[in-house]
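For this one, chain P is given, so just place chain A on it according to the hints.
Read top to bottom, the protein sequences are chains P and A.
Heads up, the working numbering is the position in the first sequence plus 1, with the first residue counted as 1.
Heads up, the working numbering is the position in the second sequence plus 1, with the first residue counted as 1.
Don't read these hints as lab results, they were simulated from the structure.
Careful: at least some of the hints might be erroneous.
Note that identical chains are pooled: a pair holds if it fits in a single copy or bridges any two copies.
Taking lysine to any residue and the SDA-like style, the derived pairs with C-alpha atoms no more than 20 Å apart in a straight line are [as the list claims (entries may be wrong)]:
| id | residue 1 | residue 2 |
| --- | --- | --- |
| 1 | 72 | 234 |
| 2 | 119 | 85 |
| 3 | 169 | 261 |
| 4 | 169 | 263 |
Note that the coordinates shown come from a computational prediction; the quantities given were computed from them, not determined experimentally.
Protein chains: 2
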Amino acid sequence: MSSSERADLGRALCVITGASRGFGRTTAIEMSRLVKPGSVLVLVARSADDLRSLQAELAESDAGKAGLLVKCVVADLAQMEGPESVVSASKEVFSEDLDHIILVNNAASLGDVSRFAKSFTNMAEVDSYLSFNVSSSLCLTASILQAFPQRPGLQRTVINVTSLCALKPFCSWVLYCTGKAAREMMFRVLAEEEPDLRVLNYSPGPLDTDMQLVARSRTGDPSLRKTFSDMFTGGRLLTCEASCVKLMKLLLEDTYTSGAHVDVFDL
Amino acid sequence: MSSSERADLGRALCVITGASRGFGRTTAIEMSRLVKPGSVLVLVARSADDLRSLQAELAESDAGKAGLLVKCVVADLAQMEGPESVVSASKEVFSEDLDHIILVNNAASLGDVSRFAKSFTNMAEVDSYLSFNVSSSLCLTASILQAFPQRPGLQRTVINVTSLCALKPFCSWVLYCTGKAAREMMFRVLAEEEPDLRVLNYSPGPLDTDMQLVARSRTGDPSLRKTFSDMFTGGRLLTCEASCVKLMKLLLEDTYTSGAHVDVFDL
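For reference, chain P alone in the conformation it holds in the complex (with noise of 0.2 Å):
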């Protein structure tokens, strides 16, 4: 530890999306062990069965038996009632007393990477695509920060869940690139517009999950997708557990730039 790494991530509210696999479910489980007791988690994400067993996982942990609060909010953030539904969740597990607000906006969908952008003539397709992967996460963190607003003792720290696609295009993946192109710049406007939040765009890196296998399994162009298929094979995708240790690090040691692009191999 560095010293002037904090020894934790206060006595928090995490909001995580897509908290119930691969990376938001590893992030549920690392926040839990940063925050210091009497911290709430707010897991959300469509699957009820998936969040319940990661809520039974964290009543068993330390954190858990310490009295650390987990809410489950199974909610479609495709649909306008998602983000409401986790702000009410939200306000009701907030007590006065926390330090820290921490959103994760982790859920993200991959989008038909089987094909490229000229097939893309369905507007329904691409509007829904971007509803999930862009206004819902500029909504939902736009009704967090209204919901708890900016006060003396009260940390505030928006994250981004992205990725090298926000900056490189890749054959075939339009959608995702698209997707986390927009998200990214939102929440450089985001941080540009309120100094006060910590705004953290991290870029985890090729993981082992479940949507990595589609990648190298789906993807439409049969370079990239040999790429993927040689980052497995060869044992260089990173787990959830190695990045998400390095996303904690950064949110202890406090000194990223808001609203930087930070990827996991700069660490």
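For chain A alone, kept in the frame of chain P given last:
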């Protein structure tokens, strides 16, 4: 004219969105002067009156008298039927002796620049913005590429009218920055995927248009509003004509890297 520059844009089918006003209107006029006889312009906008007036002006021009065909498509690109009606109209006027398809994705809206990101809690508002500014542009481009596939002797060029806002965050411009970043990435992916295609992300600079009037009067961030105001009073806005001439030069030279962001001030 440099020695490598072509003298004209060929016998072209030019599809221009947002053609009734501002940069789109100027692009229609400039292109009409640079295409060969027998070419066709398909002009798309929501306002029938403004389109008819441009059509009348073009009919009186030298190009019009020489037989340039101008087809108006009154369409709302935010609606599913918008891109479809543009493609139908383009197919109607296409003839086999055309040797260049040029699609100018110019239509865009500013979004509400009087408010900051944290105020965007309404998903329908954000969805609608992204549908018009991002989805429609992808779906129209995809549909045009499918309608006019690659064949020997046919050049295909897709232009995206982009902005500095695609690269740099501006306070109180969250929708515009997000939409432009999304769109630019989309066209970068397209350029990677379709090596036969010429894709240009052209940033026309701060133009003396109705959009700039809104920018300097409505921008929520006082410092940015002053910047726009100072650019206007200091005479530092570009005319659409001056910027469009540079775009035409890029197209005639045809040496830009496909997918690249080219700013008017780089030229």
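Self-check item: Hints breached by this structure
Solution: Checked against the structure, the only hint that fails is number 1, while the rest are satisfied.
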